[in-house]
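Now for the letters of each chain:
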Amino acid sequence: MTIRVYVTDREGQLHELEAEPGWTLMEVIREAGLPIEAACGGCCACATCHVYVDEEWLARLEEPSDDENAMLDEAFEVQDNSRLACQIRLDERLSGIRVTLAPEF
Amino acid sequence: MDRSEPIRTDMVIVGAGPVGLFAVFEAGLLGLRCHLVDNLDKPGGQCAELYPDKPIYDIPAIPVCTGQELIDRLMEQIRPFEPTFHLRQMAQTLERAEGGGWRLTTSAGTVFEAPVVVIAAGAGCFVPRRLPLPEAERFEGRSLFYAVRRRADFAGRRILVAGGGDSALDWLLTLEPEAEEIALVHRRDQFRAAPDSVARMRELVNAGRVRLIIGQIAGLEGEDGELEAVRIRTREGEVRHACDRLLAFYGLKMELGPLAHWGLELHEGLIRVDTEAFETNLPGVFAIGDICWYPGKLKLILSGFHEGALMAQKAFRYCRPEEKLVFRYTTSSTELQKRLGVRA
Ligand SMILES: Cc1cc2nc3c(=O)[nH]c(=O)nc-3n(C[C@H](O)[C@H](O)[C@H](O)COP(=O)(O)OP(=O)(O)OC[C@H]3O[C@@H](n4cnc5c(N)ncnc54)[C@H](O)[C@@H]3O)c2cc1C
Ligand code: FES
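Line by line, the protein sequences are chains A and B. Quick note: our numbering has the first sequence finishing at residue 1381, numbered continuously throughout. Quick note: our numbering has the second sequence finishing at residue 647, numbered continuously throughout.
Next comes chain B alone, as it looks inside the complex (with noise of 0.2 Å):
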């Protein structure tokens, strides 16, 4: 097992959605480091993975800005407080850390131990769809793939792309050099990836190099988890394509995922909290955003700041047990613009 040093600082912060990505403001403020935990590959959560260019109209003092824009101007409003960001990896296990506090391990290896562990994981982590065929769990992780993890899975094989998105555009230009053959299955002639993708797959496919077939996955074939073939339903009937390789992009939906095993009270699949200090029932670790459930609670972006606020004001006591916290505002601190950059 890996016992690499575990990395130590103030607070972890699982879920860089807006906020999780506020609350390393409203920490950095009172002089606490925070390191980010998130499975996507970027910060943003829901703003940025299911609506970036979709108008949000409820943010105080901003009338308008989309739900990219809303994750561009916090990543920049936290800048100076330098959060570590840990991409592609899952909080996994918590566990009390020797000397106290708490010990974060992720689906990467990465181990943190930090006084204060805040959960700001939204609905939970972002999985991708699986297919919903009753044989698909025999053939997943051995030539049924949600994502590419190793090419080399893929490398001399005949490969089924199903999917009409950038992802699966993606991974079919990527492929398709090294592939055996390669396939791409579609339910309609119309793709929402990128033009420019669009534009070399339909060239691969003039070209004869790439199989495109409209239609909808019905069924898999194969012995052991080893696929064979997948049958499709077309507007001409079924059709069976013979394949060893299938890589089904669906989308993404939200699983509460790890954290349910971590001890925490739930409500209904969320984590119950006071609203002094939006802590769970484990002492130093907090939950705020869309994850957390107290009575009049609302699932708004608005709600997770103000929660975030309150969670710092105790994290830091938590932290700095020997200080004294002074409430003070940005406007007239001195301190507080030290810390943010703004004063010398």
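Here chain A stands alone, though its shape is the one from the complex (with noise of 0.2 Å):
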């Protein structure tokens, strides 16, 4: 099965993206082309890969790690939705994901 990704860009515009099982958020963001840093490749080691998640999704998201909360205090505007895309393993679960590209800096 598929599963769809809904990403919103920094310019506003909506990307339906598919993904298989088992990638992560960021993996089908990179994979599309959409302008994701993602400068440590998914070692939740550089916040590069921040997104904001739909306030309906997120509760349905696993809790982020020590790991990812640490990395998220080195990026900047965050938010309650914020998360790392590379520490999001998709699933069938959480086909129709919506989530929205952070600010590059």
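Mixed in with the good hints, there may be bad ones.
Now the in silico label distances, taken between C-beta atoms and shown as ranges [said to hold, decoys possible]:
id, chain 1, residue 1, chain 2, residue 2, range
1, A, 1277, B, 473, 34 to 44 Å
2, B, 458, A, 1296, 51 to 61 Å
3, A, 1289, B, 521, 39 to 49 Å
4, A, 1311, B, 563, 14 to 24 Å
5, A, 1311, B, 437, 11 to 21 Å
6, B, 527, A, 1296, 48 to 58 Å
Distance condition first, Cα-Cα at most 20 Å in a straight line; then the derived SDA-like pairs of lysine to any residue [to be verified]:
id, chain 1, residue 1, chain 2, residue 2
7, B, 357, A, 1300
8, B, 602, B, 566
9, B, 602, A, 1352
10, B, 556, A, 1290
11, B, 600, B, 577
12, B, 556, A, 1346
13, B, 617, B, 432
14, B, 345, B, 380
15, B, 556, B, 439
16, B, 357, A, 1344
17, B, 556, A, 1377
18, B, 357, A, 1377
19, B, 556, A, 1354
20, B, 556, B, 410
21, B, 556, B, 380
Here are a few chain A residues that sit away from chain B, every Cβ distance over 12 Å (derived from the structure) [stated by the list, open to error]:
id, residue
22, 1284
23, 1336
24, 1347
25, 1348
26, 1351
27, 1355
The set of hints was computed from the structure by calculation and includes no laboratory data. Glycine included, every Cβ here is placed at the ideal spot set by N, Cα and C.
Two independent chains are provided; combine them into the complex using the hints.
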């Protein structure tokens, strides 16, 4: 089954992406060629895959780990719905998830 | 201008990440002396800076080790070759030396002359992340800093420190006694700094000597580069915190930096090399590890080690043009074993 992911880029444009189960959210966004730096390649070591998750989806995600929270400390414009996309592993239950790319820094 | 006598050596390596370190080994086996330059305060590059405690599983014959363990082992492996480290300085300029070879100058004014320069600069230099506010630039270097270069800049000042890691807390604790007043701003009431520093910070907060603000920086106010206040977004709304020094620690990011102006042929921000010797378009200047590009390049530590071994073969010819290079194994060669210090 393919998983659908809706991503709003920094210009406000909406993109509908498809992912395989087991991919991370960062990987889907990066493979689609959208501007997500993901400098550390998904190792939770750079905070350049920062996204805002739509409120209705936020509660369905697992809580961020201590590592993820510590990395978010180094990001800017962090909000309550801020997450690192590389730390969100997709499965069927997350099909339809909506996120917005956080500003670049 | 400082015209100090240059350091003359065989090989200057820019970058003391895993690949630069192993290049010392490969060069050392061939009898070449190395000096390394890195703008960080310790060797290890990404492994030591970004993931010291995370496991690596794809180093041949080491089923698992952490980033820091890999660096510790490399340091042990290259010790017999007595490399010299020049840390906390950036390789700044590269030009032809008068008598042939290359002349490399660092941001600290150290000058090297060597027939071979090896660029093992990874994804570039680690530089502090800047505040992504349009007005930040006006204050940088005058009242907004990302590192403490001169403590005198902070003495007797009203300082705001931003961040929750070790750098932020260490400097908060160091500057507190000499500041007129000092505050800490962090996005949440949890700190990843060492528990001991966090405890000391909390004591100072309780004693009324440090003000702790939970929030994020939203804007800077001041004239002519002189900071007057920082606007902070908190749960209760925006607050204006009066201060005249801001010391912000938002981690590090990587930039190609000065290398971009050395006349090297680039490919999408990486240095193009041949795959025989990993030499750049400048003869005697090599590039290995994450910074180099050739068709099929993989950014793996393993690949960087291989690149270093081949590079050293050609580097030898620049350094010892009159000598013949004989291929030998460390297992059987008494000469190599002498260099390694395992045979008298
Ligand atoms: C989180 C994470 C996990 C990883 N896991 C693995 C793994 O499991 N296996 C694997 O093979 N690879 C892994 N990698 C990739 C691996 O770390 C890199 O391939 C490796 O660090 C590259 O080594 P390097 O020596 O080329 O460069 P770096 O490690 O980037 O070191 C370059 C050094 O050069 C310095 N420098 C740059 N420019 C200058 C200048 N002008 N002057 C002075 N100094 C300069 C920098 O400060 C830095 O210290 C991982 C990377 C990350 C971020
Ligand atoms: S890609 Fe670096 S933290 Fe997610």
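Hints not upheld, ascending by number: Of the numbered hints, 1, 3, 8, 9, 10, 13, 18, 21, 24, 25, 26 and 27 do not hold.
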